[in-house]
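Trainee: Residue strings, one per chain:
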Amino acid sequence: MSILADRETKVLIQGITGREGSHHTELMLKYGTKIVGGTSPGKGGQKVHGVPVFNTVWEAVEETGAEASIIFVPPKFALDALYEAVEAGLRLIICITEGIPVLEMMHAIRKIKVLYPDTVLIGPNCPGLINPGECNLGIMPGSVFKPGNVGIISRSGTLTYQIAYNMVEAGIGQSTVVGVGGDPFIGTRFVDLVKIFNEDPKTKALCIIGEIGGTDEEEAAQYIKENVDKPVVAYIAGQTAPPGKRMGHAGAIISGSSGTAQSKIKAFKEAGVEVAKAPYEAAYILKKMIRKNLFSI
Amino acid sequence: MRFVEYKGKKVFARYGLEIPRGIAVSTPEEARKAAQKLGGEVFVKAQVPIGGRGKAGGIKYAADPAEAEKRASEILGMDIKGYKVKEVYIEEKIDIAGEIYLGITLDRSAGMPVVILSAEGGIDIEEVARTKPEKVVRNHIDPLWGFHSYQLRQVAYKAGISEDLIGDIVKMGLKLYEIFIDNDAVLAEINPAVVTPERKLVCGDSKLEIDDNALFKHPDLAALNEGIEENTLEAEARAKGISFVELDGNIAVIGNGAGLVMGTLDSLSLEGGSAANFLDVGGGALASKVEDALEIALKLKNVKAVLINIFGGITRCDEVARGIVAALKRLKPSVPIIVRLAGNNEEEGRRILRESGLNIHIFESMRTAAINAVRFSREERI
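Protein chains in written order, with our numbering: chain V, 1 to 297; chain Z, 1 to 382.
It should be emphasised that the hints constitute simulated quantities derived from the structure, not laboratory data.
Accuracy of the hints is not assured; some may be wrong.
[Claimed, not checked] Simulated crosslink set (DSS-like; lysine-lysine; CA at most 25 Å straight-line): (1) Z:K301 with V:K245; (2) Z:K217 with V:K76; (3) Z:K33 with V:K245.
[To be verified] Okay, the calculated beta carbon distance ranges per label pair: (4) Z:E18 with V:V114: 33 to 41 Å; (5) V:G272 with Z:Y150: 38 to 46 Å; (6) V:G272 with Z:R21: 56 to 64 Å; (7) V:P201 with Z:S109: 29 to 37 Å; (8) Z:G272 with V:K287: 18 to 26 Å; (9) Z:G167 with V:K269: 48 to 56 Å.
Beta carbons are placed, not taken as given, at the ideal position from N, Cα and C, and that holds for glycine.
Take these sequences, add in the hints, and give me the full structure.
Mentor: What follows is the structure, encoded as structure tokens:
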């Protein structure tokens with residue numbers, strides 16, 4: 001069993017008729033993801049790669065029994081799509097969209113937390129999640145990953161692919177890979193996923209790929225220090241980034257003295273987490289952990 | 001998007017916050033005329049969207065219009081933390097009996113905005129926050145609960161604001177929150193909120209930063225800020241949909257995905273080199289975008305090598321390779337080009353590069369690419 005979703009999870013695609021939505025629906029279907037429907041207001045009744053399209057999420061859930069949704073809707077309309085998915089009762093919502101206004105997203109996350117505490121939102125501005133060999137919910141390139149027992153949690157897309165690629169080269173596969181998103185306010189944070197991975201029997205070790213900005217890494221480190229015995233390796237991107245400059249992701253910015261890579265690395269080291277100095281070191285460290293019998297693959 | 005002082009103040013004034021009279025000008029001659037209009041005694045203030053102007057010598061007092069002209073000629077053209085001063089704001093001198101700090105920003109870990117108040121405002125607020133943290137009072141604003149007078153009163157009493165000013169601080173704080181929410185700000189700050197000898201509160205400065213993701217909702221704000229683009233290369237990149245930050249090393253970097261690019265910068269540093277920039281072409285980049293990216297990277301000064309690091313997830317390596325070849329054929333750079341392509345269509349990508357007849361150094365692993373980029377950046381070439 002993998003975390004959050006598996007090959008039986010019924011998935012809905014919001015914005016399925018758009019260029020991105022349609023393209024990734026095709027890729028996800030090929031990977032084996034159980035996509036049962038899509039939505040696009042005004043396009044109900046059509047089909048995209050054989051998947052039925054509905055006008056509303058409510059109708060799609062009613063007809064298909066969808067439990068999870070992936071949002072590919074442009075930023076102007078993404079929040080509406082998110083609220084619709086939450087109210088329709090989907091338990092897992094993955095918001096791929098980049099560029100959603102930060103304050104509105106902050107409001108939405110707060111409301112969901114209070115009014116729908118059981119709903120899991122991943123993202124926005126994230127690549128989604130993949131359970132190698134089972135299902136792919138998002139835009140991660142399936143071919144890069146391989147089934148295994150290391151869980152990956154990341155704020156980045158391509159950097160995750162790079163690190164997973166190095167892991168696979170070293171013979172190490174993944175249990176579940178989750179990209180939490182590069183925005184300052186996200187639905188599921190590192191610490192939430194560390195908790196879930198810690199309880200997942202299939203996951204024997206964790207790889208956390210953080211970056212400058214915010215304090216999510218410090219928060220996760222604190223939790224690991226107190227609760228996690230599984231071996232953990234971390235890499236923090238942006239160790240050489242200057243303060244005050246936004247490094248691509250809306251959330252990747254050092255504000256004043258907060259959000260520095262140094263602070264995150266220190267927190268991880270204090271929690272007994274091994275920290276890679278460059279992305280390609282993460283796989284070496286995992287290999288070393290295997291040699292030392294900290295876990296086995 | 002960050003506003004310069006006087007444009008931020010324009011927004012503040014729309015909401016009824018008290019601001020001193022002032023005129024923005026771009027020549028010393030205009031500065032003199034502006035000072036005349038404002039009664040002679042003025043401050044000449046550099047308009048750059050970054051803090052620490054005063055300490056950098058960008059804010060000067062002038063006793064009369066002739067002196068204002070002189071000060072303006074000194075400040076115009078100055079470089080303040082990478083921003084060239086193109087405009088100065090001539091502002092009437094106000095008498096200062098006290099300085100208060102009032103700001104609203106976002107607290108990411110709490111997931112909500114936070115209001116910050118200190119009775120010891122002014123240019124040393126960071127110092128106050130470090131040495132006397134109890135003098136800087138914070139209160140979270142739960143968006144579901146809203147922001148109410150009692151919260152501000154509580155903060156004001158805690159911060160030791162004198163009794164006669166509490167009513168005005170509450171009003172100022174509520175207005176600042178309205179500005180913050182209405183305009184999708186990520187930072188709205190008044191430092192100092194000047195207490196005049198008549199015990200009135202006036203905005204001595206403004207800091208306003210708007211969420212770039214929300215600019216589509218505020219075309220008026222985007223228009224108000226036109227022409228204040230910082231670094232010109234950064235502006236050029238933005239116009240082309242490329243995320244770019246100039247750094248001070250000598251290896252130009254191009255990559256796809258913010259995390260991978262940051263990881264590339266870290267790798268160069270680990271291998272003993274340093275990056276000249278951050279440049280992310282984004283996901284699924286087409287050849288034309290890669291070409292634009294190379295064009296921007298090659299405009300950087302002091303570049304000794306270019307490292308292109310692509311991991312093809314959604315992005316196709318052959319598409320990237322075509323962009324590289326087209327750019328190099330057109331721009332004919334004299335510095336070595338190091339390319340690392342992996343992932344989606346990597347072999348086809350590498351074949352295109354090899355068969356182009358161009359002198360491109362191709363590597364398969366990120367580490368060897370980084371090591372070689374550093375090596376090239378150190379070689380003296382004839």
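Trainee: Taking 29 to 37 Å as the hint, is the beta-carbon distance of P201 (chain V) and S109 (chain Z) inside that range?
Mentor: For S109 (chain Z) against P201 (chain V), whose Cβ atoms are near 30 Å apart, the range 29 to 37 Å holds.
Trainee: So if I understand the rule, the pair passes when the alpha-carbon distance is 25 Å or less; does K217 (chain Z) with K76 (chain V) pass?
Mentor: Roughly 9 Å separates the two Cα atoms, so the pair holds.
Trainee: So does G272 (chain V) sit 56 to 64 Å from R21 (chain Z), Cβ to Cβ?
Mentor: holds, 60 Å
Trainee: Take the C-beta atom of G272 (chain V) and the C-beta atom of Y150 (chain Z), compute their distance, and say whether it sits inside 38 to 46 Å.
Mentor: holds, 45 Å
Trainee: Can the suggested window of 33 to 41 Å be confirmed for the beta-carbon pair E18 (chain Z) and V114 (chain V)?
Mentor: holds, 37 Å
Trainee: CA of K301 (chain Z) to CA of K245 (chain V), is that 25 Å or under?
Mentor: The given pair, whose Cα atoms are some 19 Å apart, holds under the 25 Å limit.
Trainee: Falls inside 48 to 56 Å, the C-beta gap from G167 (chain Z) to K269 (chain V)?
Mentor: At roughly 50 Å between Cβ atoms, K269 (chain V) and G167 (chain Z) fall inside 48 to 56 Å, so the hint holds.
Trainee: Given the hint of 18 to 26 Å, is the C-beta distance from G272 (chain Z) to K287 (chain V) inside that range or not?
Mentor: holds, 24 Å
Trainee: Within a Cα-Cα threshold of 25 Å, do K33 (chain Z) and K245 (chain V) meet the stated pairing?
Mentor: Violated, at about 37 Å.
The structure is inconsistent with hint 3 alone, although it conforms to all the rest.
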